[in-house]
Amino acid sequence: MKLRFFSCLLILFCIVSIATFADEETTGSKASQIISDFKYQQINWQIPEIGKDIKRVVLKNGMILYLKEDHTFPIVKASAIIRTGGIYETKAKYTVAELTGTLLRDGGTEKYSKEELNKKIEYFAMSIETSIGNESGSALCSFLSNYLNEGFELLAQVLRYPVFDEKQLEIERANIKESIRRKNDEPSGIMSREFSIAVYGDHPYGWDYDWNAVKEITRDDLISFHKKYFHPNNIILAIYGDFKTEALLKIIDKNFGDWKKDNIAFPEIPKVNNIANPVIKVFPKETNQTSIRLGHLGVNFNNPDKYAISIMDFILGGGGFKNRLCEKVRSDRGLAYSVYSSFSTSGRDLGTFNVTCSTKTESTYEAVDLIIKEIERMQNEKITDKELKWAKDSIINSYVLGFEDPFSVMKAIMKLEYFNRPMDYYQKYIENIEKVSIDDVQIAAKKYLKPSDLTFIFVGNAESIKGDLAKLGKVEICILEEFKD
Amino acid sequence: MKRKLYFAILLILLVFASNAVLMAMDLNVKEHTLKNGLKVIIIEDHQLPTFTALIQYNVGSVNESRGITGAAHLLEHLLFKGTKILGTTDYDKEVPIMKELDRLEKELNAEYAKLQTAFGQLDQNKIDELKEKIKTLQEEQRKYIIKNELWTTYEESGGELNAYTSYDVTEYYVTLPSNRLELWAFIESDRMSNPVLREFYSERDVVGEERRMRCDNSPYGKMWEAFAASSFMVCPYRNEIVGLETDISSMTREQVAEFYNKYYSPNNAVAVIAGDVDEKKVMEFMEKYFKNIPARPKPIEIMTTETKQEGEKRIEVEFDAEPELLIGFHGPKFGDTDEYALDIIASILSNGRTSRLYKKLVLEKNMAAYIDTSNYSRRYANQFIVSAAPLAPYTIDDIENEIYKELEILKTQKVSNWELQKIKNQIEAGFIRQISQPKDLASTLALFQNLTGDWKNFDQRAKYNKVTADDIMRVSKKYFVKSNRTVTRLVNTGGQQ
Numbered sequence: 001m002k003l004r005f006f007s008c009l010l011i012l013f014c015i016v017s018i019a020t021f022a023d024e025e026t027t028g029s030k031a032s033q034i035i036s037d038f039k040y041q042q043i044n045w046q047i048p049e050i051g052k053d054i055k056r057v058v059l060k061n062g063m064i065l066y067l068k069e070d071h072t073f074p075i076v077k078a079s080a081i082i083r084t085g086g087i088y089e090t091k092a093k094y095t096v097a098e099l100t101g102t103l104l105r106d107g108g109t110e111k112y113s114k115e116e117l118n119k120k121i122e123y124f125a126m127s128i129e130t131s132i133g134n135e136s137g138s139a140l141c142s143f144l145s146n147y148l149n150e151g152f153e154l155l156a157q158v159l160r161y162p163v164f165d166e167k168q169l170e171i172e173r174a175n176i177k178e179s180i181r182r183k184n185d186e187p188s189g190i191m192s193r194e195f196s197i198a199v200y201g202d203h204p205y206g207w208d209y210d211w212n213a214v215k216e217i218t219r220d221d222l223i224s225f226h227k228k229y230f231h232p233n234n235i236i237l238a239i240y241g242d243f244k245t246e247a248l249l250k251i252i253d254k255n256f257g258d259w260k261k262d263n264i265a266f267p268e269i270p271k272v273n274n275i276a277n278p279v280i281k282v283f284p285k286e287t288n289q290t291s292i293r294l295g296h297l298g299v300n301f302n303n304p305d306k307y308a309i310s311i312m313d314f315i316l317g318g319g320g321f322k323n324r325l326c327e328k329v330r331s332d333r334g335l336a337y338s339v340y341s342s343f344s345t346s347g348r349d350l351g352t353f354n355v356t357c358s359t360k361t362e363s364t365y366e367a368v369d370l371i372i373k374e375i376e377r378m379q380n381e382k383i384t385d386k387e388l389k390w391a392k393d394s395i396i397n398s399y400v401l402g403f404e405d406p407f408s409v410m411k412a413i414m415k416l417e418y419f420n421r422p423m424d425y426y427q428k429y430i431e432n433i434e435k436v437s438i439d440d441v442q443i444a445a446k447k448y449l450k451p452s453d454l455t456f457i458f459v460g461n462a463e464s465i466k467g468d469l470a471k472l473g474k475v476e477i478c479i480l481e482e483f484k485d
Numbered sequence: 001m002k003r004k005l006y007f008a009i010l011l012i013l014l015v016f017a018s019n020a021v022l023m024a025m026d027l028n029v030k031e032h033t034l035k036n037g038l039k040v041i042i043i044e045d046h047q048l049p050t051f052t053a054l055i056q057y058n059v060g061s062v063n064e065s066r067g068i069t070g071a072a073h074l075l076e077h078l079l080f081k082g083t084k085i086l087g088t089t090d091y092d093k094e095v096p097i098m099k100e101l102d103r104l105e106k107e108l109n110a111e112y113a114k115l116q117t118a119f120g121q122l123d124q125n126k127i128d129e130l131k132e133k134i135k136t137l138q139e140e141q142r143k144y145i146i147k148n149e150l151w152t153t154y155e156e157s158g159g160e161l162n163a164y165t166s167y168d169v170t171e172y173y174v175t176l177p178s179n180r181l182e183l184w185a186f187i188e189s190d191r192m193s194n195p196v197l198r199e200f201y202s203e204r205d206v207v208g209e210e211r212r213m214r215c216d217n218s219p220y221g222k223m224w225e226a227f228a229a230s231s232f233m234v235c236p237y238r239n240e241i242v243g244l245e246t247d248i249s250s251m252t253r254e255q256v257a258e259f260y261n262k263y264y265s266p267n268n269a270v271a272v273i274a275g276d277v278d279e280k281k282v283m284e285f286m287e288k289y290f291k292n293i294p295a296r297p298k299p300i301e302i303m304t305t306e307t308k309q310e311g312e313k314r315i316e317v318e319f320d321a322e323p324e325l326l327i328g329f330h331g332p333k334f335g336d337t338d339e340y341a342l343d344i345i346a347s348i349l350s351n352g353r354t355s356r357l358y359k360k361l362v363l364e365k366n367m368a369a370y371i372d373t374s375n376y377s378r379r380y381a382n383q384f385i386v387s388a389a390p391l392a393p394y395t396i397d398d399i400e401n402e403i404y405k406e407l408e409i410l411k412t413q414k415v416s417n418w419e420l421q422k423i424k425n426q427i428e429a430g431f432i433r434q435i436s437q438p439k440d441l442a443s444t445l446a447l448f449q450n451l452t453g454d455w456k457n458f459d460q461r462a463k464y465n466k467v468t469a470d471d472i473m474r475v476s477k478k479y480f481v482k483s484n485r486t487v488t489r490l491v492n493t494g495g496q497q
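Order-wise, the sequence lines are chains A and B.
Just so we're aligned, residue 1 is where the first sequence starts under my numbering, counting upward by one.
Just so we're aligned, residue 1 is where the second sequence starts under my numbering, counting upward by one.
It is worth saying that the hints were derived from the structure and are not from the lab.
Warning: the hint list may mix true and false statements.
[Unchecked claim] Distance ranges between label pairs, derived from CB positions:
1. B/T412 / A/A265: 55 to 65 Å
2. B/D216 / A/S408: 33 to 43 Å
3. B/K281 / A/I430: 24 to 34 Å
4. A/K382 / B/E316: 56 to 66 Å
5. B/T412 / A/S408: 41 to 51 Å
[Said to hold, decoys possible] Keeping only pairs whose Cα atoms sit at most 27 Å apart, straight-line, the calculated BS3-like set for lysine-lysine is:
6. A/K39 / B/K30
7. A/K389 / B/K147
8. B/K359 / A/K392
9. A/K119 / B/K280
10. B/K84 / A/K39
11. B/K365 / A/K120
12. A/K120 / B/K359
13. A/K119 / B/K30
14. B/K411 / A/K119
15. B/K84 / B/K99
16. A/K373 / B/K143
17. A/K39 / B/K280
18. B/K147 / A/K373
19. A/K328 / B/K135
20. B/K131 / A/K373
21. B/K359 / A/K183
Virtual Cβ for every residue (Gly too), placed ideally from N, Cα, C.
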């Protein structure tokens, strides 16, 4: 009995020892040894906080301001976010949001015609740019600090009193028509559009321009859209740079103070239908390379597994050059200049997981096969300690690099408030990444990667590749329709 | 009367304000030169705890000759493959393998070269045999390679890095947390002096794919290549930076190594470090790591000068895409006096919503999907480029005619004070915006150091301010002539517009 016990212990000891030795690195490079001796001073940088470094002011009419002074250069930058978006529209009126966004700046205002507005802005070397996308509206401005009065007066004109000049609407409509005509010029454009359509089905995230709908949009549609969403209590405005807070608040009050707040009946936002309907589609284009995108629906910002997913995606194909896809498909075989994965974790609703790759026609199937194998490997094999450390170090150390300048930080925090996200998200980010374990990553891979439910989009020489692609399943050769008025 | 006075006052105020403002601003730039000729420029900016550092070599695709087009760019790719001590566990073991690989690849090249001769036939067995041997050797070498160690080393430290090759220079840049200065100096100095061009042949294939992506399968890429090759008969700017397909696929390690030896020396490079760094500390590391890299003979200047174009060139490129237009006029070279007038002309024509071509072609006639003009400035030769795409049902012909009409106006009517002042205001404001982003400024300073010998030349405001309405007319008459232009038209396959 005793002998058995000890021999078991001995065996156990050996196994553990072997495991330890196996983990131990084969000699690293000479450079890595030198680098391991470098001493790095601790960086003590705190992410700017509302209340501490950024002043948050709420005007009587509900408009929210973020303010941060910086007198290094005589420049002031401002960014407004407005709660609106294409996501609130019906399919027929979907492009109203985008057109409204463009015409705020280009269509003239009550006080200044579009020509006068352009002249004033450009003569004083200012810039004001507006847009409305799916999820929000925005105005981005840059003024020399001598011209804050002029700048904010013009911004107020643009946001409060746009007139949506009829001729300008026709110009924008014609521009959209032209972009529809040109939508199949670039293989990558076809690939990304068709992938969204395939995975999102009839949700707005998959909607493309529909000329029949666009041509029916009227100036009244834009006026109504603006009237509905553009109210002071629906805007956050961040201002950074060479201003004095007291004086600036007076300018803001002068231009926005008498703007009355109003209630807004926001339409319900349609939910993404998380049902997989994988397809294999080939879009013929005479090229010597195939543009490939494969993937499926993923997660949204609120998903607690997002940190594990981020690390998993980093190792698979998101992180720099060492990622597995890059090594297998680009470095080892020279099959692609470009191959990467992307697992979105920042959307309001479900984003996608996808892998994108361009390779010469002849190696299309080979590349896809390698990619699928890597996706499966991520589920079936645990990542190594080394990989986990590399991913964590990279993400944590590059964290501060995500902010180009202090104004970028302000805009990021503004977005947190806009989307109703925890205001300490950035402060907590690093510790959340640090918590992720090897098992967490494998669990996330098993739960959120779906190699048997992949949608494939190929753009390239259909005749040459369709044979091999049949190994993946039922292949649909699609027609790229030429635009007819 | 009132309006004129208002603008006049504003004008004075603006000029006055600018001067006052400039005196208050302090561009915190320091420069040093190591004994081996390496120029070091430091811009201190402590807004965020990061820095961007770059090494820009004074060599680009313009330094290539026929047969090795794409060498500068391929070399740039290979500089990421490591050095004698980085990216490998045993460099000495790699050396004989690479030597043998080079020999086999040369044989393979020779085999494929048979197709160039009349009645040339490939010996498929020999090719298969060679490929098999090559594959085995590559697997053998892989035992010693630590894949992409340069990337991972930087990335683990939070670094974001990349590089680019232009016609005139090659730049390697990285942004890192500010405590990683020594790491940067160590890696870059090693890379400058002891790079190993490992995994050469697979990287050559990667570049082949890149060429397909950028040139063959992109409508604009295809147009640009045809345009460059036609507009320049002689000057190496006629070649794509990525190189010709046949040059890429037949390039040897030897050729690229030779290119490296000729151009990658400390006295042919500029280092710029911008961000949360301390000048003393920077120089400490620069001396420690770069001091012992020996200078090499300065490469000789390229004497190839483009011959004068004696007549209009017109080319068509067929592609399955909507029509586009690209027109180029030969201009002077980088730094020439006329350059400043040409820059201003480009702004007058297409910068912003009040620019002439934008107003005419987009706002008034709605005939262009886009219109862009630029004075494309390079070391040996500029080109004034006009590119546009028509909005159906208008055609390339319609747009072409409108463009020439506007150019004629510039030759016969003086530009207004308002227009000229607008542009000068924008140049002034642009300068302020530029220096307020030190990390972005780094590359510009390096470029001016390399191309003109003094980074301070990047401040060209005084030269722009001197440009008069007469200069603009004179310069327009000089360069916007029919015999000086090359017109490239992208037409939908089938010749339809």
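Here is how each hint holds up against the structure:
1. Between B/T412 and A/A265 the C-beta distance comes to about 59 Å, which sits within the given range of 55 to 65 Å.
2. The hinted range of 33 to 43 Å is satisfied by B/D216 and A/S408, whose Cβ atoms lie roughly 37 Å apart.
3. With their beta carbons about 26 Å apart, B/K281 and A/I430 fall inside the hinted range of 24 to 34 Å.
4. Between A/K382 and B/E316 the beta carbons are some 57 Å apart, a value that agrees with the proposed interval 56 to 66 Å.
5. Distance hint for B/T412 and A/S408: a CB-CB separation of about 47 Å, consistent with the stated range 41 to 51 Å.
6. This hinted pair checks out: A/K39 and B/K30 have alpha carbons roughly 26 Å apart, not beyond 27 Å.
7. In summary, the hint linking A/K389 to B/K147 is supported, as the alpha carbons are separated by about 17 Å, within the 27 Å threshold.
8. Taken as a hint, the B/K359 and A/K392 pair is broken in the structure, with Cα atoms around 51 Å apart against an allowance of 27 Å.
9. For the hint linking A/K119 to B/K280, the alpha-carbon distance of about 47 Å lies beyond 27 Å, and the restraint is violated.
10. Of the pairs offered as hints, the one joining B/K84 and A/K39 holds, with about 23 Å between alpha carbons and a cut-off of 27 Å not exceeded.
11. About 23 Å separates the Cα atoms of B/K365 and A/K120, which keeps this hinted pair within 27 Å; it holds.
12. Proximity of A/K120 to B/K359 is assessed by CA-CA distance (about 15 Å); at most 27 Å being required, the pair is judged to hold.
13. The suggested pairing of A/K119 with B/K30 is violated, with an alpha-carbon distance near 39 Å, which exceeds 27 Å.
14. A C-alpha spacing of about 24 Å is found between B/K411 and A/K119, which places the hinted pair at or below 27 Å, so the restraint holds.
15. Proximity of B/K84 to B/K99 is assessed by CA-CA distance (about 15 Å); at most 27 Å being required, the pair is judged to hold.
16. With a CA separation close to 23 Å, the supplied pair A/K373 and B/K143 stays within the 27 Å bound.
17. Only pairs whose Cα atoms come within 27 Å are accepted, and A/K39 paired with B/K280 is accepted, the gap being roughly 17 Å.
18. Straight-line distance between C-alpha atoms of B/K147 and A/K373 comes to about 20 Å, which keeps the hinted pair within the 27 Å bound.
19. Our distance criterion of 27 Å between C-alpha atoms is met by A/K328 and B/K135, whose separation comes to about 15 Å.
20. Straight-line distance between C-alpha atoms of B/K131 and A/K373 comes to about 25 Å, which keeps the hinted pair within the 27 Å bound.
21. Our distance criterion of 27 Å between C-alpha atoms is met by B/K359 and A/K183, whose separation comes to about 25 Å.
Hint violations for this structure: numbers 8, 9 and 13, all remaining hints satisfied.
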